[in-house]
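Here the structure of chain A is known, so what remains is to put chain B in place on it, guided by the hints.
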Amino acid sequence: MNKSGRLLAVILGAVTVALIVIGTLDPSSTALAYAGGQGLVPSSSTPELAVRDLAAEIGMREWGRAYGSLANKAEFTEQNFQNDLTGYYLSLRTYATLDHFQVRPLHATANDAEMRLVLYWSTVVGTSVSTRDLHVVRDGDHWDVDWPVAKKPDVPPQVIPVNYLRWDVIYPGAGDDWGEQNVEAPHVRIVDMHPVQRAEGVVILGELLNEDIVPAYVSVNATLLDKEQHPIASAGSFDKISHILLPKQVTPFFIIFPNAQLSDVKSIRMTPFSTLVPASADPVIAIDNEHLNPVPDPSLTGQVINQSGQVVNVAHVLGTFYDKSGQVVWVAGEYLDRALLPQTPEAFDIHIPEDLARDISSERTVVATYSERGEQ
Amino acid sequence: MQKTESIEASQRPIPISLSLLLATAVNLPLMLMKLPLKSYDTNFHIFFASHYLHHWFDPWNPKWYAGFSQTTYPPLPQQWVAALSPIFGLEMAYMAVQFAAILLLVVGVYRFAKLWVSPRAASYAALATVFVGAESFLVYSAGQLGTTCAAPIYLNALPFLYEWVRHGKGRSFLKAAVLFTAAATAHHATLLFGSFFFALPVLALAYFDRSEGERVAPPAFVARALAITVVTAAAIAVALLPFWIALIHYPVTQTPIPHPSRANYILSPQWGLNYFIVPYGAMILALPFIFWRGSTTPRLRPLLFGFWVAFLLGLGGTTPVGPILLGRAFEVLTMERFSYWAALLALPFIGLLASELVARYRTRAIVGLSVAAAFTCGFAVAWSTYLSPEGGAEGLDVKSVAAWLNRDGHDQYRYVTLGFGNQISHLARLTDADSVDGEWNSGRMLPELTRYGGGALTNSKFFNKPGLDALRAMLTDADHYGLKWVFVHDPSYNPLLAFAGWRQVDSLDDNTVAVWSKDGVPPATPLNAPQIPPRWQGIMWGICPFGSSILAILVLLIPEKKRQEAAQEYPVDENLVPGRMVS
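Line by line, the protein sequences give chains A and B. Residue numbers are given in the working numbering: position 106 of the first sequence equals residue 106, and the series is strictly consecutive. Residue numbers are given in the working numbering: position 71 of the second sequence equals residue 71, and the series is strictly consecutive.
Quick caveat, the hints were computed from the structure, so don't treat them as lab data. The model shown is predicted, which means the values in this text are computed figures rather than measured ones. The beta carbon of each residue, even a glycine, is placed where N, CA and C say it ideally should be. Check each hint, because a few of them may be wrong.
One-sided excerpt, in silico: chain A residues whose CB lies under 7 Å from chain B [what the hints assert, rightly or not]: (1) 31; (2) 99; (3) 239; (4) 243; (5) 247; (6) 316.
Restraint ranges, calculated between C-beta atoms of paired labels, are given here [said to hold, decoys possible]: (7) 327/B / 40/A: 23 to 29 Å; (8) 553/B / 40/A: 49 to 55 Å; (9) 6/A / 364/B: 25 to 31 Å; (10) 296/A / 510/B: 53 to 59 Å; (11) 25/A / 86/B: 42 to 48 Å; (12) 39/A / 386/B: 26 to 32 Å; (13) 25/A / 298/B: 58 to 64 Å; (14) 447/B / 40/A: 37 to 43 Å; (15) 324/B / 295/A: 49 to 55 Å.
Chain A with its partners taken away, still in its complex shape (with noise of 0.2 Å):
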């Protein structure tokens, strides 16, 4: 064995770890990213690195390890601490996974600080938004959250009454297919309809009423046409609307073109969809307290109130903005990410575009319901 040699096993080996050092001390941020943005040693030295690590581990869903950090522990269990994060009963948090958060410092003294913690779940159906006010307290060296725990909602025992309106369907029979229904659709008619141009695209908004005595799934597609009535585009409402539509129930509708110019389009071509489905009336959900807040922060809040009696999974509030003259000017919505428990209010914030706010003087909202049994 030569002396260089040695020398090499020496250097290869000292650089190999090395770079395992400065990799695990400084990762990159697909690295980091893995490790759900924390450092080989978590440090809490601040009230914001304190918040930061919590909300990584709650993003690693580590409950264990961000429950043991709490300084309130004591005051509720590990089940609590996670059920009050992913819901206590199957709803979008359920599955959600933590995209990613931001950390505010809202106040601070030599031994507590108050810090502001946004939380941007991923859900299936999109980004939803939670905003927590940390109280953050010194220990020692280190910093612990108080985690303002939400407890799990007492619904107190009683009788719901249930004589709500229900629509079954007999099907030709158990063998044959479900396409093979041969049965009239129900009668669906555009309300109202009309295109505007906003920075994203062409928007169509309008409503859609069920004319029929029978309820309808619907959905409403449409095509825009250029000047030689060739198509330039095709989309549809997608979750932009209420899919079921009880008989005489009304419900708007959002269609968006992306990137297309209004000025392109000489007509439009609307095509509402509907199908005979069976539905019920219930869960009836009732709107309580709803204000239209003007600029700067225009917006409809207000809240959902589910008066069944049994557990909706996930809902979707739809808010139609309406002029002075009663035409449409806007449609949005908001997906609520925590199951709504019967009897007890559950509040929405949908935003409303800023140039739009002053242009609205009425709105109506509907409120489309998943549950684990079915939709609606």
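The following block gives chain B in isolation, referenced to the frame of chain A:
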């Protein structure tokens, strides 16, 4: 009773046939059990093979992504699966090809290791090949048929490269060029990175050895190296021409898809277990020896450097080497293949270590090495059970879904699955209907899929926001693609479908799969994609890659001229006393 063992016996290599028998004993039962079907990619390769079986000369496959070109993936192992499937059936043909690759690897490692170490140490390396965790991991968990087929072909080509450069033998030139070409048609990345990790060290070795025995002048050495490089590159360019055309015209520019092999294995120990402990196993204990012996023995240094770089890259995001050396490719490639190559490069060292340990400690060494090898292999094989690659599709039987799609004209529309994990390839093979999803990310061109950085739609939720964004984009454009059916094996997707205008219309497989449908969707029409390869490319694709492997088999039948072996000094520990008398 006194036992004796001669010095000669202790220096004799372990017969390669014994290693092959051992490889057969370990792997054949697992192949007959079709264990690789549980892996991530096995069904994907069988799906490709299924297309070749029915459309050998038409690489445009409409069953995924509303149509994609199979010229985006080197076809050799899949074409062999297709070629053998009339005899064995597709699944067993896959097992046969994979099994052949395993056996070929034993031979390849032996021949490659013989360049570096004594025949006896090389025979130990070949024996160790049977138990390498990285091989078992790739075969039984990852299902990387292309990588595990290309590597043995490549390893078998390297001794011919050495022979050509050292001795200028035309037959070696021919065999090396043909085998390299065949390896490239099995897996392009193996050729690309193998040139750096495997071929460059062999060329360096040939250069170091140039003054021993039959001397070769430096200009002749350079000329030979250039000649083989140019000819091989030209052959590969022709054999994979449709692949290069597809790559140049449609480079992979999509948003990178996360892969945990790029994690830091210390900060994310669960991935360290998966991508470091499992593939390397007991080989980790030999790392100090590899570094020490590779450094102190000048002849082994090229091999050590090849191993070292592959090893560092195989560590993924644990070191900054991957992002620095690979650049954007770090976000596209998966890193477990580098660990595989590192493990193969380590095998000559392992063979050397094993032969020295056995020479010194006899039975104790044999027992210890056997236990370490068995645990390494056993753990890697069993790993697919502990960390299931099936992506939530355990127990899912897609036959009922395929039957549903194949009846009543349902296959006029496209479909997508949710929660089907690695079973989407299996389903695609069984059904006549086309899908907008798929498992070959580099082959997809639909903007809804390439824009966000999610993988297969069926696993959307595992890619978090990018995956779910891609799914919503695809459902939004359902009409455009004739996408009418969604098969759901994971109810967490139900709220999205319910609010987006899809209705559950049926349930299958004991209510474990729900069929959702959208009204008003027009029947699917073929996309007039510019990526559709012209006819001549299809013919080339059907002939050249497979032909290169046939040619490789034929040229290997050409006998080698016996050359007087020059006395070769192999690295041994000078403190050892090999072949001592034992009693």
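Status of the hints after comparison with the structure:
no. : hint                      : verdict
1   : 31                        : holds, 3 Å
2   : 99                        : holds, 5 Å
3   : 239                       : holds, 4 Å
4   : 243                       : holds, 5 Å
5   : 247                       : violated, 19 Å
6   : 316                       : holds, 6 Å
7   : 327/B / 40/A: 23 to 29 Å  : holds, 26 Å
8   : 553/B / 40/A: 49 to 55 Å  : holds, 52 Å
9   : 6/A / 364/B: 25 to 31 Å   : holds, 28 Å
10  : 296/A / 510/B: 53 to 59 Å : holds, 56 Å
11  : 25/A / 86/B: 42 to 48 Å   : violated, 57 Å
12  : 39/A / 386/B: 26 to 32 Å  : holds, 28 Å
13  : 25/A / 298/B: 58 to 64 Å  : violated, 35 Å
14  : 447/B / 40/A: 37 to 43 Å  : holds, 39 Å
15  : 324/B / 295/A: 49 to 55 Å : holds, 50 Å
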